[in-house]
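Enquirer: Given only the sequences and the hints, what does the whole structure look like? Please build it.
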Amino acid sequence: MTHSTPTSAWIIRLTKIFSERLLIRIESPDTDLLDSGILDSMKLVELLFTIEQEFGIRLPIADLDIESFRSVSRLAGLVDRFNVMSEVPTAT
Amino acid sequence: MKTSELQHPTSQVRVRPVMREAKFSDYENIAALQTRNGLTTKSRDDWMALWRENPEYNRAACRWAIGLVLETPHGEIVGFIGSIPVGYHFRCRHIRAAVTTSWVTDPQYRGYSIGLLNAVERQSDIDLLLTNTASAKAEACLRCLRWSRVPVAGWDNSYGWITNYTGFARSLLSKSSIPIAGALAYPMGAAIYCSEKFRKSLDQARHSNLAVELCPEVDSRFEEFWNQLALFKSDSLLGIRDRSTLEWHFNNQLRRGSAWIVTICKGREMVAYAAFDRVDNPKFGLRRVRLVDFQAVEHAREALAETLAWMLSKCCAEGVHLLETSAALLRALGDAATVAPYERKLHVWRYYYKTLNPELSDDLGDPGVWCTSDYDGDASL
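In the order they appear, the protein sequences are chains A and B. For the first sequence, this note's numbering gives the first residue as 1, with consecutive numbering after it. For the second sequence, this note's numbering gives the first residue as 1001, with consecutive numbering after it.
Everything labelled a hint here was simulated from the structure, so no lab data went into it. Treat the hints with care, since some could be wrong.
Only pairs whose alpha carbons sit at most 30 Å apart, straight line, appear in this in silico DSSO-like list of lysine-lysine [stated by the list, open to error]:
| no. | chain 1 | residue 1 | chain 2 | residue 2 |
| --- | --- | --- | --- | --- |
| 1 | B | Lys1042 | B | Lys1314 |
| 2 | B | Lys1345 | A | Lys16 |
| 3 | B | Lys1345 | B | Lys1137 |
| 4 | B | Lys1314 | B | Lys1283 |
| 5 | B | Lys1023 | B | Lys1175 |
| 6 | A | Lys43 | B | Lys1314 |
| 7 | B | Lys1023 | B | Lys1042 |
| 8 | A | Lys43 | B | Lys1137 |
| 9 | B | Lys1233 | B | Lys1175 |
Expert: Below, the structure is given as structure tokens:
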């Protein structure tokens, strides 16, 4: 039996955002989104707005480090930290 | 969504860049970066003067970072954002703004570009961040980082006066990629001419006791004028326009003949000043003069009418096609539509700000405290 942690559920939802909203397929949660050239400035902005909309959170973007956006795993950690909705995400 | 429709990354970043403070010795590499990304560059002297001759930079002494670069381990600069300190007066306080400028990143490193903008905000000793040259792409990033639109109407359009109908029409047709632009220019120029009715209203606003004079340099009268202006607009967030700041801002352009400063006097008393610069568009053959700034301590409307009439005559005489200004500047001076015949929509809000000093946040939400023009920011630097 496998257990779905909140972070792994965020990873699934973020991967879905990449594929459905940004039309980008992510090979792995640890793929480097910056060094691979997947995210340019416009895609990053679109991603951040989408994350805020989808997860109902407001990210303190100006206070964050670029490293927070380097991979889907790190983004999931970020969402987990700032998820003020306190709902347990479903990994569907 | 089919997998085959999804994008795969095409441009791989080979090396990870690091961000560091820009140095004057980076000039060549920054200029090369700007050139390969299609931006215009300044000469080394003009670029250095943005800081070294800047009174506000000198006030900040050595504590000011001129900008940030992204540098690869091989020493190649692949991203840059400049930060120019500019002084403001607001309710008897000195406000230090950082104007972001020349924000550029090579395509394969653009994931890092928002980090450059973000890092500018972390400089100490800044009350306010400003830009009035935002592009559509930059606008998205600015909004993402919670910058706000300057709440003054008109920063998404401009007003203009056509001063050479044939030349302007030829430029317009060239922009529209119409191959017989030259032949069509004459009838089109006539059509534009027939629709223009502004001169009457402009003439009505003029004041016979005001004299417009071209200044070859920013002379000592500007010191006294600034003292009066700062008092007159003490409740406004007003960019410093003392003699040394105006010299820094305009002197290089004045020397090259690509800017003009005029004074408007009533008798011996200077009641207003205006600054213009030349902003041609060589691609379309457009010869254009821009009203950058206009400030008056009395008779504002009449002084503006005199200034415009003077510059319109000069433009006509020198074959300039268009005199243009930001709509925000004219609207602040009254009913712009009565003097400006043409309006151009810009499709982007050019002027954004972010307060880093919490004491300013509420005040700057009030449109009434702003006194904006293309003198602010880097629009005319």
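Enquirer: Against which earlier hints does the structure fall short, listed by number upward?
Expert: Numbers 2, 5, 6, 9 - these are the hints that the structure violates, sorted from lowest upward.
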